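Residue numbers (our numbering), protein chains in the order written: chain P, 31 to 363; chain Z, 31 to 363.
Since the hints were made in silico from the structure, they are not lab data. Fair warning: this is a prediction, and the values are worked out from it, not measured in the lab. Where hints are given, some of them may not hold.
The list treats identical chains as interchangeable, and a pair is accepted whether it falls inside one copy or across any two copies.
Claimed, not checked - Heads up, simulated EDC-like pairs for lysine to aspartate or glutamate below, C-alpha to C-alpha not over 16 angstroms straight-line: (1) K32 <-> D239; (2) K32 <-> D240; (3) K32 <-> D263; (4) K32 <-> E241; (5) K284 <-> E319; (6) K32 <-> E260; (7) K341 <-> D213.
There are 2 protein chains.
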Amino acid sequence: MKKLINDPQEVVDESVAGFGLAHADLVSINSDPLFVTRKERPAKPKVGLVSGGGSGHEPLHAGFVGLGMLDAAVPGPVFTSPTPDAIIPATQAADSGAGVVHIVKNYTGDVLNFETAAEMAAAEGIEIRTVLVNDDVAVEDSLYTAGRRGVAGTVLVEKIAGAAAERGDDLDAVAAVGQRVNDNVRTMGVALSACTVPHAGVPSFELADDEIEIGIGIHGEPGRHKIAMEPADGITDRLLEPILAELKLAAGDKVLLFVNGMGGTPLSELYIVYRHAVQVVEATGATVERNLVGNYITALEMQGCSISVLKLDAEMIELWDAPVNTPALRWGV
Amino acid sequence: MKKLINDPQEVVDESVAGFGLAHADLVSINSDPLFVTRKERPAKPKVGLVSGGGSGHEPLHAGFVGLGMLDAAVPGPVFTSPTPDAIIPATQAADSGAGVVHIVKNYTGDVLNFETAAEMAAAEGIEIRTVLVNDDVAVEDSLYTAGRRGVAGTVLVEKIAGAAAERGDDLDAVAAVGQRVNDNVRTMGVALSACTVPHAGVPSFELADDEIEIGIGIHGEPGRHKIAMEPADGITDRLLEPILAELKLAAGDKVLLFVNGMGGTPLSELYIVYRHAVQVVEATGATVERNLVGNYITALEMQGCSISVLKLDAEMIELWDAPVNTPALRWGV
Numbered sequence: 031m032k033k034l035i036n037d038p039q040e041v042v043d044e045s046v047a048g049f050g051l052a053h054a055d056l057v058s059i060n061s062d063p064l065f066v067t068r069k070e071r072p073a074k075p076k077v078g079l080v081s082g083g084g085s086g087h088e089p090l091h092a093g094f095v096g097l098g099m100l101d102a103a104v105p106g107p108v109f110t111s112p113t114p115d116a117i118i119p120a121t122q123a124a125d126s127g128a129g130v131v132h133i134v135k136n137y138t139g140d141v142l143n144f145e146t147a148a149e150m151a152a153a154e155g156i157e158i159r160t161v162l163v164n165d166d167v168a169v170e171d172s173l174y175t176a177g178r179r180g181v182a183g184t185v186l187v188e189k190i191a192g193a194a195a196e197r198g199d200d201l202d203a204v205a206a207v208g209q210r211v212n213d214n215v216r217t218m219g220v221a222l223s224a225c226t227v228p229h230a231g232v233p234s235f236e237l238a239d240d241e242i243e244i245g246i247g248i249h250g251e252p253g254r255h256k257i258a259m260e261p262a263d264g265i266t267d268r269l270l271e272p273i274l275a276e277l278k279l280a281a282g283d284k285v286l287l288f289v290n291g292m293g294g295t296p297l298s299e300l301y302i303v304y305r306h307a308v309q310v311v312e313a314t315g316a317t318v319e320r321n322l323v324g325n326y327i328t329a330l331e332m333q334g335c336s337i338s339v340l341k342l343d344a345e346m347i348e349l350w351d352a353p354v355n356t357p358a359l360r361w362g363v
Numbered sequence: 031m032k033k034l035i036n037d038p039q040e041v042v043d044e045s046v047a048g049f050g051l052a053h054a055d056l057v058s059i060n061s062d063p064l065f066v067t068r069k070e071r072p073a074k075p076k077v078g079l080v081s082g083g084g085s086g087h088e089p090l091h092a093g094f095v096g097l098g099m100l101d102a103a104v105p106g107p108v109f110t111s112p113t114p115d116a117i118i119p120a121t122q123a124a125d126s127g128a129g130v131v132h133i134v135k136n137y138t139g140d141v142l143n144f145e146t147a148a149e150m151a152a153a154e155g156i157e158i159r160t161v162l163v164n165d166d167v168a169v170e171d172s173l174y175t176a177g178r179r180g181v182a183g184t185v186l187v188e189k190i191a192g193a194a195a196e197r198g199d200d201l202d203a204v205a206a207v208g209q210r211v212n213d214n215v216r217t218m219g220v221a222l223s224a225c226t227v228p229h230a231g232v233p234s235f236e237l238a239d240d241e242i243e244i245g246i247g248i249h250g251e252p253g254r255h256k257i258a259m260e261p262a263d264g265i266t267d268r269l270l271e272p273i274l275a276e277l278k279l280a281a282g283d284k285v286l287l288f289v290n291g292m293g294g295t296p297l298s299e300l301y302i303v304y305r306h307a308v309q310v311v312e313a314t315g316a317t318v319e320r321n322l323v324g325n326y327i328t329a330l331e332m333q334g335c336s337i338s339v340l341k342l343d344a345e346m347i348e349l350w351d352a353p354v355n356t357p358a359l360r361w362g363v
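One chain only, chain P, in its complex shape:
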């Protein structure tokens, strides 16, 4: 295992510390328990947004803390859910009197721990709503989940619900628009290589030299099937097929197309995938109105990508375009 790390047990703490130093203008770090909050408290009460989950998916979630997106993020150990003792104070920190929305990827540990934290926070008088993200069309149940996994759609939920909170929507409205994003986004991923969890020291799974895995999860958990390597356009077709089968796009529909890198794939390759994905999506009659291409929810150094398609409505477009000022996503400010 070759990684730019020190003690494998210190990876998350040291990485978040460096992140905090690099973005001290935007975020504050609470080191024990570990969570990340926005530097500036809101001038008047607004709905707080909190997300979190296992580390190893950077920039998700801490990279999305800031104006127009999250108020707090809770990084767990690598690929392991954070515990309620960190989620509760992060929720308290994010609360400014208008309630808090938890954005939770559908993994069993995350669901349980956020549920417990929500109960405890509610007992202390903070109103909580939860948006459960489950956009992965690859498999119904996996090693980590009951039901569909939450993957790249999470970034879109966080951006759009975050903008709703920032403009002053109330708790139910923020949760509702986050839920609407989840209901309208579908994602599917592919791995060209495995990834290695630092404290494990060996790759999470095996792929032969000419083999790729279609439908992979963001922890390297199994997808739909392994196939022989093929050209990018063919892989793009395979990823989009189940997404488009569910979304049933038609002429006049507007979508956001998101090609997300898994961490070890060059940006140039993501643009090759994006190019063909636009052709395939627009062949349905829909138009790609907005896009995002880059490494936003990763699986350590895994090579591969995911494609997400979000069916947009006018309000989602307005909220997508709204200003955002976070370490990993920034425009309009």
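Since the structure of chain P is already known, use the hints to place chain Z on it.
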């Protein structure tokens, strides 16, 4: 070789086409010869900035085309210089009557081709200045260069000179501040893994399972020496030692610290390097006033990073902070 590509000969054209689709609000693509320009022409004459070089280093250079940075970028084949027949029309497109600055990384092919293009453009009445970037402290000469290589410092030259052009500085002033950035920035890189040029199909060099290469170039060309894998803090010390030996920082100095990923290294590891690099730099008495952490000048899917330290003056800080609106770097707008 597993890559998200189609025909290896079409990698650059298809990637730039996808890039153009994704960022149609910011850039325009000229496909034959291949170059990228800003979507909006300046309202009044301003100094034009043009850079370019072999592809495989994305987002450099095309990702930095836009307000406050480059006016045009010329992507060559992977790791191969673009030719004058592309550089000349890119220079013409970037010219709005106030002259053009070429920002050229010090590789033999780039130097020759930009020189030829500058002569031809000058013959057509466009005033040209050239800033040659040679910030790599690893080796004096390499496979690709006479003298030091131009690496991550290029991003800082493009940002700061671009801001000077945007505020209306004249041709000599823009070239001068670009030159001053180059004179005050030093960079050193490390590779944990090799990279594979698509049309070659095999890795550019070999590293054993427990071996890393200190002083690597952005094409995988040899560095100073191969050593056994060691913790991130030790690697960070090794990268900073020759940089700090040259910059001779003292109490009161202000620097920009740039930790750049080579393409295949997770962001979380770059923050681990950044964390310790701040400690080492600030032990000189200098303070880290600005920073950049991420994948900005890459070597395909290589794992590793480079560290750059730029000694700042007040004007450089002002120009660094100025608005920028490009696909890969965006703030203040």
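We went through each hint and held it up to the structure:
{"no.": "1", "hint": "K32 <-> D239", "in the structure": "between (19 angstroms within a copy, 8 angstroms between copies)"}
{"no.": "2", "hint": "K32 <-> D240", "in the structure": "between (22 angstroms within a copy, 7 angstroms between copies)"}
{"no.": "3", "hint": "K32 <-> D263", "in the structure": "between (31 angstroms within a copy, 14 angstroms between copies)"}
{"no.": "4", "hint": "K32 <-> E241", "in the structure": "between (22 angstroms within a copy, 8 angstroms between copies)"}
{"no.": "5", "hint": "K284 <-> E319", "in the structure": "within (6 angstroms within a copy, 43 angstroms between copies)"}
{"no.": "6", "hint": "K32 <-> E260", "in the structure": "between (28 angstroms within a copy, 9 angstroms between copies)"}
{"no.": "7", "hint": "K341 <-> D213", "in the structure": "within (9 angstroms within a copy, 50 angstroms between copies)"}
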